[in-house]
Amino acid sequence: MPDLQAFAYFDGRLATELIEVSHDPSVLDGHGWWAVVLTYEGIFTAARFARVEAAPFPEAKWLGAPREDWSSSMSREQYVAAVQTVREAIAAGEVYQANICRVLTTGISAECSMSGLGHALDRHHPAPHAGAVVVESHDLEVVTATPELFLRRQGSIIESSPIKGTAKTADGLLDKDAAENVMIVDLVRNDLGMVCDPGSISVPSLLKVEAHPGLVHLVSTVRGELRPEHGWADILAATFPPGSVTGAPKSSALSIIDELEPVPRGPYCGAVGWVNADSQSAQLGVGIRTFWREGSILHFGTGAGITWGSDPEQEWEETKLKADRLLAVAAEGSDR
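If you read the sequence shown in the working numbering, its first letter stands for residue 71, the second for the next number, and so on.
Do not take every clue at face value.
Said to hold, decoys possible - Here are the simulated EDC-like pairs of lysine to aspartate or glutamate, each with C-alpha atoms no more than 16 Å apart in a straight line:
no. : residue 1 : residue 2
1   : Lys-390   : Glu-147
2   : Lys-238   : Asp-394
3   : Lys-238   : Glu-387
4   : Lys-278   : Asp-245
5   : Lys-390   : Asp-99
What the hints assert, rightly or not - With beta-carbon atoms standing in for the labels, derived distance ranges:
no. : residue 1 : residue 2 : range
6   : Leu-244   : Gln-154   : 14 to 20 Å
7   : Gln-384   : Asp-348   : 44 to 50 Å
8   : Arg-297   : Glu-138   : 50 to 56 Å
9   : Ser-92    : Arg-121   : 14 to 20 Å
10  : Glu-402   : Gln-350   : 37 to 43 Å
11  : His-101   : Lys-390   : 43 to 49 Å
12  : Gln-350   : Arg-146   : 43 to 49 Å
13  : Gly-379   : Asp-348   : 43 to 49 Å
14  : Ala-248   : Ser-272   : 17 to 23 Å
15  : Asn-346   : Gln-75    : 20 to 26 Å
16  : Glu-402   : Glu-206   : 18 to 24 Å
17  : His-208   : Glu-329   : 30 to 36 Å
18  : Arg-297   : Thr-239   : 21 to 27 Å
19  : Lys-390   : Arg-297   : 19 to 25 Å
In case anyone wonders, no lab produced these hints; they're calculated from the structure.
Treat the numbers as computed from the prediction; the structure is a model and nothing was measured.
Every residue, glycine too, gets a C-beta built ideally from N, C-alpha and C.
Hey, can you work out the whole structure from these sequences and the hints?
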């Protein structure tokens, strides 16, 4: 039985036997296999493990988080008003789009293991970049079912696959979803251009419809070749926070997000994944569809991208759509 107080799980591989924890991104240019969590606010934590092997997701006790026990950092009325504020900022030329998010919280028993929640997600809500990083000695407990790739690295090649556009079915995707996606593709191209050879940047996939449990997304992929003088600290400085969960222009979107959102996002909208420094390979997902624990409080974030074409009430409903299936999985094991 692995030590569930310190482990990571990604891509069918279980990492155990914790060696060290670092808050310096440059360690990713050194040696070893690292699990990485980067909060939206920029707090970087990497845990190096000695053992990484193919294995099922470790099982543990999960008592469930009843649906009705969650509270939101923004009420429906507050969220709708925030969306309207963004639309007014767009009309004034201050920003083209901005993501507005809310954080849900609920109390959980000390007997609940985040591995148990991760195992439930693994069974009932599979996702291409799902995983977990649990290092209890450093108060790091994150499980994710994210469908979105923030960064993939193989040698000098870096890719990002932003998601913009969400609906229950492909027929529900709107023109504004495609426009929003293209804007973020341009932003990601610019971000990668800060560390990649500009002539190497391409868009091998644009506006692909991907089906995920309970919904569909519009996904594009941007690729570039890293210039040899840049390491992980430079890569993250150029590309973080992800454009798909901030907006465009990114600096303006960050300002309006800071003004309108009442609580920190934490690992939500940050990055969660792994880096193999020895092989110069990595896969970091955007921290959406993500739960994290702080003491006896469980957190989950949800949000939507706002453009001039946004309907405030529909954007609130989109935040619910993104959260509903995940909260149902988290409720498994509860008596309500």
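Here's how the hints hold up against the structure:
At roughly 14 Å between alpha-carbon atoms, Lys-390 and Glu-147 fall within 16 Å of each other, so this suggested pair holds. Proximity of Lys-238 to Asp-394 is assessed by CA-CA distance (about 12 Å); at most 16 Å being required, the pair is judged to hold. With a CA separation close to 11 Å, the supplied pair Lys-238 and Glu-387 stays within the 16 Å bound. The straight-line distance between the Cα atoms of Lys-278 and Asp-245 is roughly 14 Å, inside the 16 Å bound, and the hint therefore holds.
This hinted pair does not check out: Lys-390 and Asp-99 have alpha carbons roughly 39 Å apart, beyond 16 Å. The beta-carbon spacing between Leu-244 and Gln-154, approximately 18 Å, falls within the hinted interval of 14 to 20 Å. Here the CB-CB span from Gln-384 to Asp-348 is close to 47 Å, well matched to the stated 44 to 50 Å. Judged by the Cβ atoms, the range 50 to 56 Å given for Arg-297 and Glu-138 holds: they are separated by roughly 52 Å.
Checking the proposed 14 to 20 Å range against Ser-92 and Arg-121 shows it holds: the Cβ atoms sit about 18 Å from each other. Take Glu-402 and Gln-350: their Cβ atoms lie about 39 Å apart, and the range 37 to 43 Å holds. Distance hint check for His-101 and Lys-390: the Cβ-Cβ separation is about 44 Å, which falls inside the suggested range of 43 to 49 Å. Taken as a hint, the range 43 to 49 Å holds for the pair Gln-350 and Arg-146, whose Cβ atoms sit roughly 46 Å apart.
Distance hint for Gly-379 and Asp-348: a CB-CB separation of about 47 Å, consistent with the stated range 43 to 49 Å. As the Cβ distance of Ala-248 to Ser-272 is approximately 19 Å, the hint placing it in 17 to 23 Å holds. Asn-346 and Gln-75 have their C-beta atoms about 23 Å apart, which keeps the hinted 20 to 26 Å range intact. The hint said 18 to 24 Å for the Cβ distance between Glu-402 and Glu-206, and at roughly 22 Å that hint holds.
Checked against the hint of 30 to 36 Å, the C-beta distance between His-208 and Glu-329 comes to roughly 31 Å, which is consistent with it. Range check, Arg-297 to Thr-239: Cβ separation about 42 Å, and the 21 to 27 Å hint is violated. Lys-390 and Arg-297 have their C-beta atoms about 43 Å apart, which leaves the hinted 19 to 25 Å range violated.
The structure shown violates the earlier hints numbered 5, 18, 19.
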